[in-house]
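Construct the complete structure from the given sequences, taking the supplied hints into account.
These protein sequences, in sequence, are chains A and B.
Take the first sequence: its position 320, counting from 1, is numbered 320 in this note's numbering, and each next residue is one higher.
Take the second sequence: its position 232, counting from 1, is numbered 232 in this note's numbering, and each next residue is one higher.
Please keep in mind that the hints were generated in silico from the structure rather than gathered at the bench.
A virtual CB, placed ideally from N, CA and C, is assigned to each residue, including glycine.
Keep in mind that the hints are not guaranteed to be accurate.
Here are the simulated DSSO-like pairs of lysine-lysine, each with C-alpha atoms no more than 27 angstroms apart in a straight line [as the list claims (entries may be wrong)]:
id: 1; chain 1: B; residue 1: K253; chain 2: A; residue 2: K603
id: 2; chain 1: B; residue 1: K253; chain 2: A; residue 2: K40
id: 3; chain 1: B; residue 1: K251; chain 2: A; residue 2: K40
To be clear about the criterion: a stretch of chain A counts as covered by chain B if any three or more of its residues have a C-beta under 8 angstroms from a C-beta of chain B, and this derived list gives those stretches [claimed, not checked]:
id: 4; segment: 529–538
id: 5; segment: 578–591
Residue strings, one per chain:
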Amino acid sequence: MLDGVTTPDGSILFDGCDTIVKLWAKRCKEKAGHTAHREKEYGIWQSYSWTDFYEHARWIGQAFMEMGLRHGECVQILSEDRREWIYIDLAVASIGAIPTGVYTTDSADQLAYLVNDSQAKFLIIENDEQLDKFLEARDKMPGLQKAIVLEREGLRDFHDEQVMFYDELLLMGRKAQEKHPNRFEQALEQVQPEDTRMLVYTSGTTGPPKGAMITHRNMMFQLVSAETLLDVSSEDEQLCFLPLCHVLERIFSVEQPIRAGAVVNFAESPETVFDNLREVAPTLFTAVPRLWEKMYSRIMIMRSEATPMGRVVFDWAIKQGLKKAAAKENGKSLDPISGLSHALADWLVLSNIRSMLGMTRIRRGTTGAAPISPDLLRWFAGIGVPLSEGFGMTETAGVATVNDPRNNRIGTVGPALPGCEVKIAEDGEILIKGGNIFKGYWNRPEKTAETMSPDGYLLTGDIGEIDDNGCLRITGRKKDIIITAGGKNITPAEIESKLKFSPYISDAVVIGDKRKYLTCLIMIDQENVEKFAQDKQIPFSDFASLAHAKEVVNLIREVVTETNAEFARVEQIKDFRLIDVLLTAEDEELTPTMKLKRGFVEKRHKALIDQMY
Amino acid sequence: MTTVLDVQNVESFYGAVMALRGVSIQVPEGQIVTILGANGAGKTTLMKTVSGVIYPEKGHITFAGDRIDGKDPEKIASSGLAHVPEGREVFPFLTVEENLRLGAYSRKGAADIEDDLDMVYSYFPILRERRKQASGTMSGGQQQMLAIGRGLMARPKLMLLDEPSLGLSPLLTQEIFGIISRLNHEQKVTMLLVEQNANIALHTAHYGYVLELGRIVMAGDSEKLLNSADIQEFYLGQQGESQRGQKRWKKRKTWR
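So, in structure tokens, the structure goes:
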């Protein structure tokens, strides 16, 4: 329990509010004309105020009430990140209904599955491309009442009984607002802390996706508990680019900014993140390891293209930076001479690296959702970007543990949030209890029961250990444990994350359940391997020929051999194959966060696996 | 089958622009290999780099067993590589026959030049009719025939054809490509063909590469390329069934 903020009935107060929507309404009133969101239109950043935020959400909420959306019913949102996404999110939550998102990369069938599973009455659709998906699968969604399209472009001649446009929705809301001036606020006041604030679908690496119900209380807990660890102020600028249907981006780009009144800038598209980063220069930035890795490789590619003199200076400056970071990690400070050379290195090189990455104003970077290399964290510390790793899952409403940037224990995911208890079961599984544990899976009480221990702990399914400082270290997934034919238990994640720390490997899946020895399927990083091949003058044409090039296979073999050296004999990889198709987020083998799905990969690439046994 | 042309990891600049960002292709003897790509993909830069008009910044080019990167274009031409450039570039004030004889310039004194002239005329009868006419006064299609004929006169081991369909009517394009196919069959001329008209190029060639932004994104025999969903949508203009009968958005390219 959190001291001082928990009321006798168990709800959590922040700023006198016990639900996200009350806090949001309060913040909108206070911040009024200040900027809440920025979005690029025709290449120019435009600002939108907290008043815009509130008014739009109120119209949308009113319109949904007109159309008969009731408390506890779902609205599906199929769109890339944009301010309308968040307007609709808060509008729906304010009237006690439940917003939930679909990845834009999902197929028509996946969309139909999610709409049916959540029993959604309404579906928000971003544009004509996504509309085609809906039209393709509409027959499979009998329960859906209406689809609302945000963008009219390319749809001027389109008319359909079941489809309306966003501007029509707003107009309907405006009219309703005149008729019932207080209805929205009344509904908002009636939302209870135990009501579901959002439904977040788990990525479904095993079995069909399940909707996790996250309550207002869960989110209030996140805000209060992380207040000191992940402080946000109204001066902060953020960049929103990870999918908002994922709980991580929802916390960092919706709930946290509401807590403090920070500004959220929307990236134009996933492809332009690096440019948008430089334009915005956020003070807080949350990303997945893949993106931090890309930043690193961008800089390293620039280094390799620099003059020999430039390279020497670069390496020297990085060394100074790493020295300072190492001193800080050990709780020491630099001696005066080293301090001076660090200042020089920072002035000459490190500050330029930061500005090339858009990290000139960065106060705190966070990473999560997948393991990240400790060396990479140290490198970022070295160039002056404080980056800390956290851990959480949808079922813990986002964050469960996070490193304090002021006391970053690299290699761990940090201590549990205040008010949240983390312990390790006898079989090594991580168990978590606290105000952030979700209410359960939507319409799946049996699955909810499976994931909770009798004494109220969430069974995370992850395996880990807690060090002497109370920091958690994740070692793998329980379900993924491989039992070889020899009877040895192996956690593949440990081996896989070591492999992934190589810039040439973007993901790997270790195989060996009920087999004589371990093997591995590897997805190479296109950009870095292409660069390698080009530098070494290795001929290749398309991606497949790159993956088949002898030198590339040898390069990966070296990484595998290096990794093997860190493991006991039975845990060593005997053979591997490279996946020779360039996978995209649309492929079933990949999660929207570009992680390989073990089950799908094993099925799809069975032929490759069989070659190795 | 021996490889006539082997391009490895070539990087070339077009002015300040890096037009080729590491391109590797191979042309086996007796085959037609085609390069597809949109405007600005680097197709012509690749051709010019092979024939020596542009020096590659990096990479190797092997032609008939010899390294030719960095060699002067006239040396490369006389070693048996004929470049039929984009836009034909015939000598307008010379007659058709003079243009053709110029094509055999590097074989000066060879006895069989007259036979070859007959061979060219047999493929392009219109050129025989107009042998005394100044070539600048002929139509675009006839000039294209002349440019190809001029290339043939060098008895090349490899002929580079840069957009032979440029500015030609559909019917004429078919005729020219028919002759290109016949030359390949009957005269065993090896060709590297750059073309915007992906349909006709893939139906003529044995093997193809897709060049985008200076990189090869896809390679395969023509059959495979013709059946690829991406090629069909982005190069052959075929669209999948749409729910609304019209479609503005493009699917993402995967190149499979």
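Hints and how they fare:
1. B:K253 - A:K603: Holds, at roughly 24 angstroms.
2. B:K253 - A:K40: holds (25 angstroms)
3. B:K251 - A:K40: Answer holds: K251 of chain B to K40 of chain A is near 23 angstroms, not above 27 angstroms.
4. 529–538: holds (count 5)
5. 578–591: This one holds; 4 residues, not fewer than the three required, reach chain B with a Cβ under 8 angstroms.
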